[in-house]
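**Student:** Here the protein sequences come in this chain order: Y and B.
Residues in the first sequence are numbered consecutively from 1, following my numbering.
Residues in the second sequence are numbered consecutively from 473, following my numbering.
Note that these hints are calculated values from the structure, not bench results.
We treat Cβ as the ideally placed atom computed from N, Cα and C, and that holds for glycine.
Careful, some of the hints might be misleading.
Said to hold, decoys possible - Here are the simulated DSS-like pairs of lysine-lysine, each with C-alpha atoms no more than 30 Å apart in a straight line: (1) Y/K80 - Y/K188; (2) Y/K217 - Y/K139; (3) B/K480 - B/K791; (4) Y/K188 - Y/K139; (5) Y/K80 - B/K596; (6) Y/K423 - B/K596.
Unchecked claim - Computed footprint of chain B on chain Y; a stretch qualifies when at least three of its residues, placed anywhere within it, have a C-beta under 8 Å from a C-beta of chain B: (7) 50 to 64; (8) 121 to 133; (9) 287 to 295; (10) 308 to 321; (11) 356 to 363; (12) 393 to 402.
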Amino acid sequence: MKEIQREVTSRSITQIFYVVAVLVIGLAIGFFVYQTTANEASKYPFRLGLDLEGGSHLVYEADVSGVDSAEVPELMNVLKDVIERRVNVFGVSEPIVQVESSSFVSGEVHERLVVELPGVTDINEAVAEIGKTPLLEFKLVDESVPSTDNIQIDGNNVSADGVLTLDAGDLSGEPSYIDTGLTGRYLKHAELVFGQGQGGLSNEPIVSVEFTPEGGKLFETITTEHVGEFLAIFLDGEIVSAPRINEPISGGGAVISGGFTAEEARDLVQNLNFGALPLPIELQSTQTIGSSLGAEILGKGLQAGAIGFVAVIAFMLLWYRLPGVVAGVALIFYGLVMMALFKFIPVTLTAAGLAGFILSVGMAVDANVLVFERMKEEYFKGNDAREAARVGFARAWSAIRDGNVTSILSAVILFWFGTSIVKGFALVFGLGVLVSMFTAIVVTRTLLLVLPAVKESDNSFVSKLFGSGLNK
Amino acid sequence: MFIIRHTKQLLIFAVLIYVAAFGLIGYFGIPLGIDFTGGSLTEVSYEELPQKMVLEEALSPLSLGGYSLRATTEEGGREGYILRTRELSEAERQSVTNILTDAGVDGTVDRFTSIGPVIGEELKGKAFWAIGAVSLIIVFYVAFVFRGVSKPVGSWVYGGITILVLIHDVLVPTAVMSILGYILGVEADVLFVMALLAVLGYSVNDTIVVFDRVRENLMGNRNEKERVIKEAGVTRTETTYTLTRPFEEIVGESVSQTMARSINTSLTTLLALVALYIFGGAVTQTFALVLIVGIIAGTYSSIFIANPLLIAIARWQSKKNQ
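Please work from the sequences and hints to get the whole structure.
**Tutor:** Encoded structure:
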């Protein structure tokens with residue numbers, strides 16, 4: 001008896017140390033989660049998605065049909081920068097602008113720009129503001145195509161120094177234009193100047209644009225190669241003017257004159273200085289959620305999570321008794337680790353992500369159930385509880401591993417499948433499976449191995465605590 | 473053991489489930505939401521709910537084509553409507569917003585979603601791909617895991633049965649979705665596909681747990697016979713196994729040993745999902761329901777479809793070998 005007693009004690013010392021270590025780590029993680037949540041200025045807040053926080057989600061599709069596919073990524077980046085600058089103007093707390101290329105399954109490649117504006121629930125305002133970003137293009141008038149004959153050019157259109165001004169009435173047919181590659185992408189700076197009577201531009205307000213060095217060179221090449229032709233300037237897809245190229249221009253600048261009023265010219269200058277679009281974009285989808293609705297969805301999600309959590313722990317306690325307590329501790333540990341990871345990675349929580357988390361709470365104890373059932377078999381075969389736990393773990397491991405691998409595989413595919421909403425869910429789901437495997441192995445195992453090594457045949461109160469369900 | 477005695481009945485019932493589910497889906501169709509078809513959704517809530525007729529009348533000059541207007545209770549308890557239309561232009565959106573908000577006391581648009589048809593079409597393609605890819609990977613994985621098991625049924629049989637079980641687990645919630653779509657006008661959105669994928673990944677666990685036990689019991693219930701063969705100067709040993717008990721008995725025993733854990737793992741997950749369904753609000757309600765149905769279907773199929781099928785195949789193979 002004495003012999004056994006000593007063996008049990010010596011085994012327990014290292015194991016009790018592990019238990020203490022696990023509990024301390026759990027408390028530390030819990031403290032971290034609490035601290036960073038209570039303190040609003042914390043570096044690690046929970047990140048809420050638009051559907052919980054309220055805000056607008058806009059998806060633009062860029063028209064890349066006229067562009068060399070090798071240049072697309074670069075252009076999309078320029079586009080992203082321009083829109084980002086534009087979005088920052090209206091003081092949204094943390095706007096997100098992302099380039100999204102559609103994956104190979106759709107056959108056709110779609111280049112999209114996703115704009116997320118937390119807190120902006122007036123979509124009119126958002127769309128209008130982004131819509132103000134001008135699209136500036138320089139195109140050559142294709143004189144080889146007969147349709148240009150349809151442009152009626154008379155004395156009214158051409159000023160003394162050969163600047164051609166066109167308006168809708170002049171265009172009875174669709175003239176053809178050739179892309180030059182010179183777009184708003186190469187715009188460096190725009191300025192409002194007045195014609196002051198020089199040339200044909202009397203007191204008219206005109207917009208002077210300065211190109212980047214690269215753009216200046218391109219402009220020089222175009223003007224050198226096409227002397228005598230007309231270079232049309234397009235703003236948002238509409239032609240504003242089509243001056244004749246009289247001579248090569250090397251200064252790296254150009255002027256846009258299109259019969260602007262002073263106010264129009266001023267707005268254009270301002271908008272151009274925020275950046276001009278390198279590619280035409282079209283609004284493809286929008287989503288707005290009011291912030292109060294978002295807050296309510298969040299509140300309900302949290303409530304459902306808390307109730308689900310308690311229900312799962314209660315079930316484990318009632319069915320598995322003492323091991324159930326261990327499962328409860330492991331589940332709390334699981335919840336804390338997940339929350340800490342949400343803050344650290346960080347994971348943007350959406351309604352779908354929250355649902356995924358709640359689902360994962362129910363699944364996190366599965367490994368425990370597998371172990372406990374296996375352990376129970378060993379226990380009723382006559383092994384003591386500790387030995388039963390050890391064997392139970394070894395035997396249940398292959399099923400735990402195989403079952404979780406399939407869940408992880410589906411999470412990976414979901415992540416790949418995903419638009420941002422789906423990605424959030426997939427990430428939470430996949431993380432949940434991994435973390436639950438970890439808590440089942442580390443936390444549950446460590447705690448189970450220090451429980452009293454009673455046998456079923458002891459028939460004591462403690463030994464009954466290892467029974468389960470409806471067994472006495 | 474129930475599943476051994478009633479193998480045939482269980483399989484007939486399984487076939488009935490498949491036929492019924494296919495029939496329901498074929499008849500009612502899957503009610504695709506705007507995530508897949510493209511279109512606009514406007515959710516508006518009021519302090520005092522206006523009559524549906526009033527709204528319909530006010531909307532009629534807009535020539536929206538076919539639209540659906542359904543009453544809803546919002547998360548905060550405010551009553552309102554959800555209007556589903558084709559994709560609206562910016563101008564149309566503004567007039568719809570004005571009409572809806574002016575129709576009742578303190579009307580506010582709380583949610584507006586508009587999805588272009590291209591994105592919808594793309595998502596549909598992706599959804600089919602994702603479901604196909606997940607199923608395929610799971611089947612390969614199961615076949616791989618059970619590669620060591622070849623007698624009396626090969627590892628590919630386990631993989632093949634898993635396919636049928638997976639189809640069952642997806643068909644049943646989809647059929648429920650069709651019925652809900654027909655009766656309540658519920659629409660399948662991206663969350664629906666996510667729920668199906670989660671069902672695929674999760675439900676197969678139960679099947680794996682049972683098969684895992686079958687594998688273990690097969691190893692424990694066999695005699696190993698080693699034979700040394702000398703052929704053309706090369707000596708090799710050949711090991712043959714003979715089962716000490718009938719295969720179906722081993723399967724039956726495996727099922728009874730794993731029944732409790734299959735049911736309990738599903739039960740804990742169902743507890744969390746029921747909490748989500750009841751308390752989680754409207755956004756994730758359909759998601760929770762699809763998962764609840766899928767997980768119940770998955771537990772059922774892992775016990776009452778996968779194993780009878782395994783037994784039936786083993787019986788058929790032994791008959792063929794005789």
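**Student:** Determine for every hint whether it applies to the structure shown.
**Tutor:** Evaluation of the provided hints:
1. Using a Cα cut-off of 30 Å, the hinted pair Y/K80 and Y/K188 holds, with the two alpha carbons roughly 16 Å apart.
2. Taking the CA atoms of Y/K217 and Y/K139, the gap is about 16 Å. The hint holds against a cut of 30 Å.
3. Proximity of B/K480 to B/K791 is assessed by CA-CA distance (about 16 Å); at most 30 Å being required, the pair is judged to hold.
4. A distance of roughly 19 Å separates the Cα atoms of Y/K188 and Y/K139; the hinted pair therefore holds under the 30 Å criterion.
5. Annotation: proposed proximity of Y/K80 to B/K596 holds, straight-line Cα distance about 27 Å (limit 30 Å).
6. Taken as a hint, the Y/K423 and B/K596 pair is honoured in the structure, with Cα atoms around 16 Å apart against an allowance of 30 Å.
7. For the region 50 to 64 of chain Y, the proposed coverage by chain B is satisfied: 3 residues have a C-beta within less than 8 Å of a C-beta in that chain, meeting the threshold of three.
8. With 3 residues carrying a beta carbon less than 8 Å from a beta carbon of chain B, the region 121 to 133 of chain Y meets the three-residue requirement, and the given coverage holds.
9. Note: the region 287 to 295 of chain Y has 6 residues with beta-carbon separation from chain B under 8 Å; the three-residue rule is met and the coverage holds.
10. Beta-carbon proximity to chain B at under 8 Å applies to 7 residues in the region 308 to 321 of chain Y; the threshold of 3 is reached and the given coverage holds.
11. A count of 6 residues in the region 356 to 363 of chain Y with a Cβ less than 8 Å from any Cβ of chain B is obtained; the coverage claim is therefore met, three being the minimum.
12. Given as covered by chain B, the region 393 to 402 of chain Y passes the check, having 4 residues with a CB less than 8 Å from a CB of that chain where 3 are the minimum.
Consistency note: the structure conflicts with none of the earlier hints.
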